[in-house]
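Chain by chain, the residues run as shown.
Number of protein chains: 2
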Amino acid sequence: MKAVVVNQPGGADQLHVQNVEKPSPEKGEVLINVKTAAINRTDIISREGKSGYMNNPILGVEVAGEVVEAGEEANIPVGTRVMGLVNGGGYAEYAVMPADRAMVVPDKLSFEEAAAIPEVFLTAYQTLFWLGNLTKNETVLIHAGGSGVGTAAIQLARQLTNAKIITTAGSLEKLDYCHSLGADVGINYKEQDFAEEVLKATDNAGADVILDFIGASYWEKNLKSIAVDGRWVLIGVLGGSKVNDIELMSLMAKRVHLKGTLLTPRSDDYKKELTKDFAKHALPLFEKGKLKAIVDRVFPMEETGDAHRHMEANKNIGKIIVEME
Amino acid sequence: MKAVVVNQPGGADQLHVQNVEKPSPEKGEVLINVKTAAINRTDIISREGKSGYMNNPILGVEVAGEVVEAGEEANIPVGTRVMGLVNGGGYAEYAVMPADRAMVVPDKLSFEEAAAIPEVFLTAYQTLFWLGNLTKNETVLIHAGGSGVGTAAIQLARQLTNAKIITTAGSLEKLDYCHSLGADVGINYKEQDFAEEVLKATDNAGADVILDFIGASYWEKNLKSIAVDGRWVLIGVLGGSKVNDIELMSLMAKRVHLKGTLLTPRSDDYKKELTKDFAKHALPLFEKGKLKAIVDRVFPMEETGDAHRHMEANKNIGKIIVEME
Numbered sequence: 556m557k558a559v560v561v562n563q564p565g566g567a568d569q570l571h572v573q574n575v576e577k578p579s580p581e582k583g584e585v586l587i588n589v590k591t592a593a594i595n596r597t598d599i600i601s602r603e604g605k606s607g608y609m610n611n612p613i614l615g616v617e618v619a620g621e622v623v624e625a626g627e628e629a630n631i632p633v634g635t636r637v638m639g640l641v642n643g644g645g646y647a648e649y650a651v652m653p654a655d656r657a658m659v660v661p662d663k664l665s666f667e668e669a670a671a672i673p674e675v676f677l678t679a680y681q682t683l684f685w686l687g688n689l690t691k692n693e694t695v696l697i698h699a700g701g702s703g704v705g706t707a708a709i710q711l712a713r714q715l716t717n718a719k720i721i722t723t724a725g726s727l728e729k730l731d732y733c734h735s736l737g738a739d740v741g742i743n744y745k746e747q748d749f750a751e752e753v754l755k756a757t758d759n760a761g762a763d764v765i766l767d768f769i770g771a772s773y774w775e776k777n778l779k780s781i782a783v784d785g786r787w788v789l790i791g792v793l794g795g796s797k798v799n800d801i802e803l804m805s806l807m808a809k810r811v812h813l814k815g816t817l818l819t820p821r822s823d824d825y826k827k828e829l830t831k832d833f834a835k836h837a838l839p840l841f842e843k844g845k846l847k848a849i850v851d852r853v854f855p856m857e858e859t860g861d862a863h864r865h866m867e868a869n870k871n872i873g874k875i876i877v878e879m880e
Numbered sequence: 556m557k558a559v560v561v562n563q564p565g566g567a568d569q570l571h572v573q574n575v576e577k578p579s580p581e582k583g584e585v586l587i588n589v590k591t592a593a594i595n596r597t598d599i600i601s602r603e604g605k606s607g608y609m610n611n612p613i614l615g616v617e618v619a620g621e622v623v624e625a626g627e628e629a630n631i632p633v634g635t636r637v638m639g640l641v642n643g644g645g646y647a648e649y650a651v652m653p654a655d656r657a658m659v660v661p662d663k664l665s666f667e668e669a670a671a672i673p674e675v676f677l678t679a680y681q682t683l684f685w686l687g688n689l690t691k692n693e694t695v696l697i698h699a700g701g702s703g704v705g706t707a708a709i710q711l712a713r714q715l716t717n718a719k720i721i722t723t724a725g726s727l728e729k730l731d732y733c734h735s736l737g738a739d740v741g742i743n744y745k746e747q748d749f750a751e752e753v754l755k756a757t758d759n760a761g762a763d764v765i766l767d768f769i770g771a772s773y774w775e776k777n778l779k780s781i782a783v784d785g786r787w788v789l790i791g792v793l794g795g796s797k798v799n800d801i802e803l804m805s806l807m808a809k810r811v812h813l814k815g816t817l818l819t820p821r822s823d824d825y826k827k828e829l830t831k832d833f834a835k836h837a838l839p840l841f842e843k844g845k846l847k848a849i850v851d852r853v854f855p856m857e858e859t860g861d862a863h864r865h866m867e868a869n870k871n872i873g874k875i876i877v878e879m880e
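Top to bottom, those sequences are chains A and B.
All residue numbers for the first sequence refer to the working numbering, where the first residue is 556 and numbers rise by one.
All residue numbers for the second sequence refer to the working numbering, where the first residue is 556 and numbers rise by one.
Here chain A stands alone, though its shape is the one from the complex (with noise of 0.2 Å):
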């Protein structure tokens, strides 16, 4: 079968497709006939030999196509249009799956909607309800509005809570469309102080709940933006690893929860449980057109590397998709 693999670790111009083995599924794992798979951040770091915990020389944690094959105890019929995360080697003609975490992709959705959902989706609902814990009434800071977890938080705090959603992005176009997917108050954070409006937009109290990608450099502000008791959920360092004085007694005076998390590292354990709750309180909102996949844009498998150098650029609004056939 064709796949991108990776050459060196280094930048884009390392990926090119070749001719390689077909994976047979294993007990409790499904082939599947890769129509879409999505770009994620995760996958450049695994490019650039940065990560150690994907051993698979073919990138890809998600895709979306049709089952061929289901090995043992892996009760998916073939034909079944599915999506979901996979432990690597999603860039493929085809790839195996846990079965327990395949999900049926909803009628009315395309493969290239269906791969945008996993990853972004599953994150953002980990990072708002099994880490952040939002609850009603509360008052969520989602940076990155306009990236795949941003879009993805929006939309699932608009649906499932009742929160006060407050996002940053760099450009008017980016805010106008977390808007549009349901937040509440939009800060242009190249033109204002984002720490100095989520304190207006909440009478000085801050926010319960912090998505934080950025890191670094804004650790000053999420400190100032967050309330006391809040939830501060670390998922990405784009804006820098390393802080410089931190006090850490101001995050005993606010009594700060700051949690680091990544997904792809966890175990198949927790992807499954994750999978299961997502699917159960957030999958039916595709089907009745309230969630909303968003593609920014679809390359053909040949094109991986522009699909890549298009996320190092940060121009996406939505997810990046690649065509595997």
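Worth flagging that the hints you see were computed from the coordinates, not collected in a lab.
Possibly wrong hints are sitting among the right ones.
As the list makes no split between identical chains, a pair holds if one copy fits it or if it spans any two.
[What the hints assert, rightly or not] For lysine-lysine, the following DSBU-like pairs were computed, each having C-alpha atoms within a straight-line distance of at most 30 Å:
#1 Lys-605 with Lys-809
#2 Lys-557 with Lys-745
#3 Lys-827 with Lys-779
#4 Lys-577 with Lys-827
Given the structure of chain A, go ahead and fit chain B onto it with the hints provided.
For chain B alone, kept in the frame of chain A given last:
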């Protein structure tokens, strides 16, 4: 009545006994004839004028004594021996306490022992179970094992879980004492690298829960010591508050939950619920002799300044008590 008040923000010499007006219980409160109060680090911070949450010129956040008057809706009979947290005003002959925070003193305990219980045992209970979510077969690392909260945490972890208990202290005497309370592994932080010892004692898995009173100076080693998905509860900054060069990526990769907390500034409702939970699960173990109130030394009211100095010298094992009559 006589009370210990702070002249001006500053050192222990600012404490002196003065005649002040006796408080009266409001709705939901009881008036207590205070027999004993205990010294806490939060008192020292208040004495220095460094914290803004205590307006009461009389220090002291925990007392033991006898109920002498009950306000409206405070259903505790006059004469009952009680102990618990007060909102300041503890270093005095009389103090008011919300009735829903008063715990009946177990018969076999003296007032000296009773005053040694509320703050440290409630803090340790909150840290281990409400914030640390310590569960069976896990490992807990308790720093400052000889301190008030340390000795309480070791005992609670021993009596209420089967967790492996690792503790650090600065002398053989303190470590021996920690072992006698139930610690499995003792590390002399002056002679050993505690992170290495924790990894040795856990087959490199690390500690699932860390009780951190130290802050900045232990940051790097705590990060090395903590397990994946570990809960790191920050309840003090004896080793400094300012950390340089924090690597957020390590917090994410280990999926650390860092939780800052302080008990004193929490709401009345929080203290009520915590007291209730503790009284149900832990208090009966004092009557049975399975939990011990640990008293280091008892000072007369006039020597409260010396009691503060004794704490500031870090020489105590267990609590420092002041007799109010």
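Going through the hints against the structure:
Within a single copy, Lys-605 and Lys-809 get their C-alpha atoms only as close as 34 Å, which misses the 30 Å cut-off; across copies the closest is 16 Å, which meets it. Taking the shortest Cα distances, Lys-557 and Lys-745 never come within 30 Å of each other, neither inside one copy (42 Å) nor across copies (59 Å). With identical chains, the CA atoms of Lys-827 and Lys-779 are at most 30 Å apart between copies only, with a shortest distance of 29 Å across copies and 36 Å within one. For the identical chains of this complex, Lys-577 and Lys-827 are intra-copy neighbours only, at 24 Å inside a copy versus 61 Å across copies, given an alpha-carbon limit of 30 Å.
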